[in-house]
Amino acid sequence: MAQRIVIDPITRIEGHLRIEAEIKNGKVTDVYSSGTMVRGIETIVKGRDPRDVWAFVGRVCGVCTTVHSLASVRAVEDALDIHIPANAELVRNIMFATQYMHDHVVHFYHLHALDWVDVVSALKADPKKTSEIAQSISHWPKSSPGYFSDLQKRLTTFVESGQLGIFANGYWGHPAYKLPPEVNLIGVAHYLEALEWQKEIVKVHTIFGGKNPHPNYLVGGMACSIGIDDASAINAERLALVGQLLRDAETFVQQVYVPDLLAVAPFYLDWGAIGGGLGNFMAYGDLPTNGINDRTQLKFPAGVILDKDLSRVMEVDPRNDDEIREYISRSWYEYSVGDQEGLHPWKGETNIKYSGPKPPYEYLEVEKKYSFLKTPRWKGHAMEVGPLARVLIGYALGREDFKEIVDSTLAKLNVPAAALFSTLGRTAARGLESLLVAQWALEFYDQLISNIRNGDRRMADTSRFDPKNWPKQAQGVGMTEAPRGALAHWIVIEDQKVKNYQMVVPTTWNASPRDHNGKMSAYEASLMDTPIADPHQPVEILRTVHSFDPCLACAVH
Amino acid sequence: MTTTTSSADYKKLRRVFVWELPVRVYHWLNALAIVVLCATGYLIGNPPALMSQSEASFRYLFGTIRFLHFAAAYIFFFNFLFRLYWGFVGNKYASWKNFIPTNKEFFQEMWEVLKIDILLKKEREHMSVGHNALAGFIYFLTFIAFLVQCVTGFGLYAAMSTWWFAELFVWVADWVGGDFTLRNIHHVAMWFFIVFAIIHVYLVFYHDYVEGRGEISSMGGGWKFIEEEAFEKQREGVDAYTNTD
Amino acid sequence: MAPVSTKRPTYYEELRGKGYTRRDFMKFCTMMAAYLGLEASGTAQIAKMLMKTPRVPVIWLHFQECTCCSESFIRSSHPIVADIILDKLSLDYTETLMAASGHQAEEAMHQTMKDHYGEYILCVEGSVPTAEGGVYCCIGGKTAEQILQETAAGAKAIICWGSCASNGCVQAAKPNPTSATPIHKLVKGKPIIKVPGCPPIGEVMAGVLVHIITFGTLPELDRVGRPKAFYSKRVHDSCYRRPFYDAGLFVESFDDENAKKGYCLYKVGCKGPMTYNACGIMRWNSGVSYPIQSGHGCFGCSEENFWDNGPIYRQQASFPGFGIESSADKIGMAAAGATAAGIIGHAIATNIQKKKLIANVIREGKESEKEL
Ligand code: HEM
Ligand code: HEM
Ligand code: NFV
Ligand code: SF4
Ligand code: SF4
Ligand code: F3S
Ligand SMILES: [Mg+2]
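Taken in order, these protein sequences are the chains called A, B and C. Sequence positions in the first sequence follow this note's numbering and run 1 to 557. Sequence positions in the second sequence follow this note's numbering and run 558 to 802. Sequence positions in the third sequence follow this note's numbering and run 803 to 1174.
Hints listed in this document are in silico derivations from the structure and should not be mistaken for laboratory results. Please read these numbers as outputs of a predicted model, since none were measured by experiment. Even glycine gets a Cβ: it sits at the ideal position worked out from N, Cα and C. A few of these clues could be false.
Claimed, not checked - Derived DEER-like restraints, expressed as beta-carbon distance ranges: (1) C:Asp1039 with B:Arg581: 36 to 44 angstroms; (2) C:Lys990 with B:Leu589: 46 to 54 angstroms; (3) C:Asp1039 with B:Leu589: 29 to 37 angstroms.
Chain A on its own, in the form it takes in the complex:
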């Protein structure tokens, strides 16, 4: 007999995600993924000044903060044919890289780790042995026995207080937890260290964008002028701070994040065969090194992989009316052309129309419409986007930097390339691309310094900032690779105002409901067949869902 379970709220994510699953013989046999909160931001930006939109859509998400603002200014610049100065491109790239490192580290330790690390078991660890393990995997200095035993004491008092706070009611002791107590203790230590570190790296955003979360962007470049002889612009002191932060971040990624990932993975190699899902991957590419329109000079390459076929990478064109379309046949919206049609985002519509059960409800009507996410498709195919997609595309295109990290990791873990198509692969890809990004950030930083040294002080092109210089009608698309995957915003400008605005977001691709043909999107597909030891404590579902790093505020907006 199949048993229907509901996990709502899914925690340690951004936003409101609900999973309903059928469990039969200890396996997931059917599954539905639903986003249950909507705000209507695409509707809210209509009629506004296109130059202001980055601020509105930036508020789509405070976890992947900056990425929507970036997509938005790019969309407007694309529509108005504005080319930003090289320095602005570099600053945006540095902020992009900063966002990645922050988002990925926080995801790994604070949002994902508790699926693999048993906090309570850490109480039983031997501090000396913990120290030995820690020192064997990394040069990270905080690894003495005293350090771990102090931490353990602190943890013990905490647990004995009876007030477990955020750790209350976890799945502690569940048979799916496989780490020895010592590795668990390292995990807890780095949970706390990462919490402290993450507030440092974001200072790069604060310097260039004035604050974090939600730093400021500007159509035409960036607002942070370079004034090497002025106290209140980007000068030597500000740049030195950026450099320091980027180097510290690289160290943290190299000495804490990735070693931990590689230390935990061997205990969970079975997850290299679980949670693979669609096998279709897509990336728009990002980190331009020769202007955003030169799609051949991107640090993150663009492309599409179908059916796990790494021998062929296809091209993706977000402007083509036939490629990307959003469907709503299973979503709580209406289209003027009928609910079975798909619309390209330039013609997209956002007419919210709830038709689900009246709350409070126990189950969704999954055979009808069941989510506030729309369902995007590329030439009709469901696509997985995110770190795994990016790494696979770089790898499949034969890019040396990608090949090196992927092959060495496969060798270290002694697993075949096929293990990449899994929950473990997705989690590993996130760490591996962080390594790349950490290095690239320093490259961009060096280029910025050398530009300034060579006398290029420009940070914005404001020649077309004044709406008087705009055409009556224009449309554009702004693409980026958000930490969770391919993100694009489509804008239609008319009479100096936003006529239409559509965002198709990474988590929309991954977490969407089925399409008009009943085809599943990435979350649902990857959850099929997941083994479930105890339907009351479905930590296995969390593992795979978390491996995507869900962001529902993004997905629905």
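Given the coordinates of chain A, work out where chains B and C with the ligands should sit on it, guided by the hints.
Frame of chain A, contents of chains B and C with the ligands only:
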């Protein structure tokens, strides 16, 4: 010239003391304050582009502009309060009754003035001595605008001032939903003053020209010169409009 | 029945349990007093509070939001968040960080609501959609509003994090498709602290909590319910670019010469003069910078209704129906122009219509002149 008009054709004019000194002083202080407030206010809202090489510490231009605005604002406000007071103690031309329509005749007169002065319907001048009804009513609206401007102005000023008087107005920003909205109301209201001043000055000249009663100078010396006929009618208490023609 | 609070260890007990001495404890209290700007005698007061006070249970709800308030909170540098959640509060429910999901998560919340009825602090991040019976935000099958009412009932006080909970923020901007509603409009009869900002500064958020746990009282609020400590000054009042404002030196367009010199951003739309927040004083991310210092004007993110307060890059609101480039001045100038034109027309018409009358007056005057 062959015309032989007898002096009997001429209108006999009589001097009437209309504007007492306090009203005249009020008027010019008010006019001056408003001109200064509009000019400085406009600059506060739209600062000019100055490309200067001098160090900020040597300049206080915007501070000065704002200071002038606040200084003029205080003069404007207390002058206005004074005028309200004078509306109760001054002569009949200064009385508040000239401003607030209280009876049918007031509206009738407004309609008449509208027909004569604005629509230019009748080839005739009207006969009132102080403000005509329409002017009086417009001034009433003006006084409301004064009030709006003082309340919004002091509402904005409350955040910058430590004097208890300005702080009496802290509620204004909360009431309209924040300083931004408050500022915009204050700014929009400026244009009412500008448009009023343009029309007002024109009409003063218009009356002076069309009626020949010394309208402009009346705000200087206080005197107007009205026709014997009008004088008689006023004295009889007959409405200046209804029984002519 | 023993009072509930005795079940929980106090900070002091907690610190002792962690192996700290009483001296360490007093040192901590002195630091805390200094941080809060208290006289020396304040130290004893804090020590007393901390010795009596157990870890305060907190339920932190997420509704229509973007989680940037939680993100900002974890950016706090003093105290750092690890210390807050391990030593100072018991963060019993927060969807962003808690280990448990689904039923287990809901159970953790209900446990706290039951065990600490009347004692827990309810933090709300996000607004509540009230349209269509609340279907635009459901968690565990219940609407945000239901959850809010249930949890608010036993709360000692409610903290509204960010502009979403305080004033509705971006989703409440026109046309507010989901009827996003701030908390104070839905919950009555409870102390409500608004901590607006999009997001608020991390240290401000931590500061509000530290105030509550240190002094055992709620911070003093201003007229609209914001802690006075952080919202009583305009950004403009503490802006380091203020001398340029006073001097009349402005950035005319982004990245111009004046921008490189750090002139005032007023003319590119800075709303600092109309925005109450601590950005200029505390700055962001432990004092590194704030929007203005990084060259972009303040757009008033802690003000009610700021998304609809006109375009970001201009001082004045635009007028609906007149296009985005409209402003009071453009319309005012048009009105003044129309008035002037009307006056010219009127003057001409007067000379035609009142020809006889004017001729009479002139004749009178001229004849008198002749007679003399
Ligand atoms: C005829 C009367 C007045 C006019 C036409 C006038 C006009 C203006 C204008 C156009 C502004 C600029 C608003 C903007 O930024 O868009 C302004 C600002 C201001 N006005 Fe007035 N105003 C008047 C009376 C007053 C009064 C009575 C006060 C009382 C104190 C006052 C206080 C202020 C303040 C505090 C500001 C803001 C200045 C700043 O932020 O630096 N105003 N006014
Ligand atoms: C050339 C400049 C001006 C002249 C010759 C002038 C003359 C006059 C005269 C003759 C009156 C009485 C007219 C009547 O009641 O219909 C008057 C009243 C008034 N004027 Fe002016 N005016 C001048 C400028 C201004 C300006 C710039 C303002 C302010 C914007 C102003 C505001 C007023 C007000 C408020 C009254 C009503 C006075 C009262 O009874 O309280 N005037 N003015
Ligand atoms: N999905 C998503 Fe985002 C990301 N990364 C945005 O585009 O998280 Ni909030
Ligand atoms: S107030 Fe702003 S930053 Fe905070 S949750 Fe709302 S949108 Fe995000
Ligand atoms: S930059 Fe903004 S807050 Fe600072 S002085 Fe200028 S207007 Fe005021
Ligand atoms: S935009 Fe917000 S962050 Fe501060 S400077 Fe203005 S209040
Ligand atoms: Mg969309």
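What hint numbers does the structure not satisfy?
-> Hints that this structure does not satisfy do not exist here, as all of them hold.
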